[in-house]
Amino acid sequence: MHSHREPDVPLTVEDPDFVEPVRYDFGVSRRGFVQVLGAGLLVVATAPAAAQRAGGRPRSVSARLHLGQDGIITVLTGKVELGQGARAELTQAAAEELRVPVERVQLVMADTGAVPDDGLTAGSRTTPSTVPSVRQGAAAARGLLVELACKRWGVEPATVEVRDGVIVHSGSGRKISYAELAADAEAGKALEQTGPSEVSVTPVKEWRVLGTSVARPNRRDLVTGAHRYASDMTRPGMLHGKVLRAPSYGAELAGIDLEPAKAMKDVVVVRDGSFVGVAAPTTFRARAALGAIAQTATWKPAPHPSSKTLFAHLKEHAQSGGEADNPFAAELAQAAKVLRETYRVAYIQHAPLEPRAALAEWSGDKLTVWSGTQNPFGYRGELARALRLGDDQVRVIVPDTGGGFGGKHTGEAAIEAARLAQAAGKPVSLRWTREEEFTWAYCRPAGLIEIEGGLDAQGKLAVWHFININSGGAAIDTPYKALHARSRAVSSQSPLRQGSYRALAATANTFARECFMDELAIAAGADPLGFRLAHLENPRLRAVLEAAAKRFDWATRYQRRDPATGVGLACGTEKGSYVAACVEVGIDRETGRLEVRHVCEVFECGAILNPRNLEAQVQGAIIMGLGAALREEMQFEDGKLPTTNFDKYLVPRLKDVPQLDIQLLDRPDLPSVGGGETPIIAVAPAVANAVFHATGTRIRQMPIRLGKEPGGSRAAERARPPAHASG
Amino acid sequence: MDISVTLTVNGQQRAITTDPQRPLLEVLREDFGLTGCKYGCGEGLCGACTVLLDGKPAFSCLTPVSEVRARAITTIEGLAAGPALHAVQEAFLAEDAYQCGYCTPGMILATVALLREKAQPTDAQILKALDGHLCRCCGYPRVLAAVRRAAGRAGA
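Just so you know, the sequences run in chain order A and B.
Following the working numbering, the numbering of the first sequence begins with 1 at its first residue and continues without gaps.
Following the working numbering, the numbering of the second sequence begins with 1 at its first residue and continues without gaps.
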């Protein structure tokens, strides 16, 4: 087992965000629920498939709810909370349909021993898939309970209503609460015999809980330090694990002497193929033990390309040659103006503040793992395969996690902890170091994008040909109308491990497209806003673009010419939501320093479920997007990645936050879709276009470089933030 | 060679026998169960491990346990007095100044120290005091709002 070099089977670029398995697992016994949830009534409510569609596929709707005798309603969901707000949103969904205050609802999230498989927490799917599931399930449960009460009272369902979890027949004054029904054995039996019922969810205009800014239910634990992340969990007798890493990408272990670690008190050492790890009562001793044997290791290095030649490498290894095999060559030859440009997007890391972490505990041949992951059921499968267990022998529990951003889909830390725990006969907690995160976690793919565009004599887009090599196909289709258009993604051979990331390739594809549209606009002698609008039919995308331009006062600010100040705009759509950004940058021509001063972004994702949470997601996405736009990059040479910590990998800080002006366009008439990803995609191209506006220099790579090396002096300056001296 | 030390943590004396070079972070988390201080980078570059030493913020990941014998150590768990939260904790709640929450204890402790030194910090002083604190969710606008609120500038 050598987990970090596993082929990226679950990690193909498109896979994690697009595939949302709809698999339900009803194998858990009622007794199991009683252990998890205490006394009460379990409702597995189903509703007809026609009630909901996801991505065009009909699907059944199911949700598990538990009515406690104490009046607490527990919703069981496979989704994970990583700071994006799923916990509040799903609580609202259940509270809305059950007609109870949010305080009465608690969530059990991502415990594979108790919850349905709701797929990955990725691809902005919680809002369009899981919220409807929970709403349908909760509405169905309410319907069943109302039916039951009505049958008992001999009254029509239309004559009763539910207020704060109490079913009331106003005519007779009779009432019964969910809590009372939960204690009623007859009710339980009746519910078991009830089949799927027709349910309708609460229309948007009648929402009382959805559409409001409900705060995260467990927020108090975040500010007191009481919340236990996976890396904070403990079990009796627990050891701390460390794993030996190769000194360079692809290097193979030729030999190692384990004796120095074995000689240390209470240290467990494991070698299993190329996997070498230790476990000890403290992290300190585990580190010492690993250090002692690492010195004795000999390695056989493997050849590995350098990031200096990355894009040539990607091009060379592109499938089907990656040649600009343009089927519209003839049309292009007829065009009045032709532009051809290449865009480059670097590898970046997610760098969630909580590194990968897992606590593994065996009980006989059963394994329980607490871990921070976006993919609890996939994780369970990975663990089962790696340890040769059945899925039913593995339970994965995901406490609310310290960030993910698409980076926590794979189970390497859990597999390592489980293997060490197996050898030690004790629970093992294992947390990756920041260096391990930067070096061995998968990256957002680098991409090489080649575009050809042709304008007709009227300055209209006649030909559009777009190829993304390696970074993926998300948001690759242009929303702009062109007589002949083709966009496609081709895979290549990635030198670094790569996988999902917030918005995936939508950032790279939107960057290239929106920068190139700017170039075409100038070639056509048009204003970048007017040129876009002239080619844009989608009313939702037009709406955000026009709103952003108006709010930013684009027309006036674009007319100003100042070599030290520039404005730029960009827009895009992905996962059913729409975004436009206008930015102002300041450029110090002496130092080459680029400062983003003002970002105005308008975002629309249908009916807004939680405005304050959505605003936080948009703020975070914009600022995170600035990091990748301006500074973040993973370089490599001889299989080594010199960027191992935050002194060299420059993520946004408080002082980097520009003036933010965010407008959320609410569309109560449209289905809600996710908002955690798409707000990131318009930032980088808007900045690049603003640089051109100020300087006349085109930017065609992320991160943006202004000729002079902006990373150098700033990196040195940041080597040790002066804020606090240690000790 | 292990040493015996007595530390003052959140006002309580706690004796342990340990290697003097162990980082305070690991002692707090692994020996005392005070997991509110977080590992984020191990090199004093992210602020997640921040604790207060005699009221001043310090990176516990870089602080050997032998160096804090005579110091008063405050962790996030020591801020609230019973059920009553510290005003800075209340301000972070009021502004929803968290996303994943992993950086939050460090941010709160740094703010407590800042306000103890300067009751009315300027924005520039806030930016400087929190420069060593990373929030990868990039929830910075609300962190700034929370610090302003804790300094009596709600809605500023």
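No lab work stands behind these hints: they were computed from the structure.
Ideal Cβ positions, reconstructed from N, Cα and C, are used throughout, including at glycine.
Be a bit skeptical, because a hint or two may be false.
Straight-line Cα separation of at most 20 Å, SDA-like style, residue types lysine to any residue; simulated pairs [to be verified]:
no.	chain 1	residue 1	chain 2	residue 2
1	A	K315	A	K648
2	A	K655	B	L127
3	A	K648	B	L62
4	B	K128	A	D656
5	A	K648	A	P703
6	A	K655	B	K128
7	A	K265	B	I3
8	A	K655	B	L62
9	A	K265	B	T18
10	A	K151	A	V166
Part of the chain A face toward chain B, derived, beta carbon under 10 Å [to be verified]:
no.	residue
11	L82
12	D588
13	N613
Hints, verified against the model:
1. Proposed proximity of K315/A and K648/A is contradicted: the alpha carbons are some 28 Å apart, above 20 Å.
2. Of the pairs offered as hints, the one joining K655/A and L127/B holds, with about 6 Å between alpha carbons and a cut-off of 20 Å not exceeded.
3. A threshold of 20 Å between alpha carbons decides the hint, and for K648/A with L62/B the separation of about 18 Å falls inside it, so the pair holds.
4. Proximity of K128/B to D656/A is assessed by CA-CA distance (about 12 Å); at most 20 Å being required, the pair is judged to hold.
5. Proximity of K648/A to P703/A is assessed by CA-CA distance (about 14 Å); at most 20 Å being required, the pair is judged to hold.
6. This hinted pair checks out: K655/A and K128/B have alpha carbons roughly 8 Å apart, not beyond 20 Å.
7. The straight-line distance between the Cα atoms of K265/A and I3/B is roughly 17 Å, inside the 20 Å bound, and the hint therefore holds.
8. Using a Cα cut-off of 20 Å, the hinted pair K655/A and L62/B is violated, with the two alpha carbons roughly 24 Å apart.
9. Restraint check for K265/A and T18/B: satisfied, since their Cα atoms lie roughly 14 Å apart, inside the 20 Å limit.
10. A distance of roughly 16 Å separates the Cα atoms of K151/A and V166/A; the hinted pair therefore holds under the 20 Å criterion.
11. Interface hint status for L82/A: upheld, as the beta-carbon distance to the closest one in chain B is roughly 6 Å, under 10 Å.
12. Interface hint status for D588/A: violated, as the beta-carbon distance to the closest one in chain B is roughly 19 Å, over 10 Å.
13. Contact between N613/A and chain B, as hinted, is supported at the beta carbon level, the nearest pair being about 8 Å apart and thus within 10 Å.
Violated hints, in rising order: 1, 8, 12; the structure is consistent with all others.
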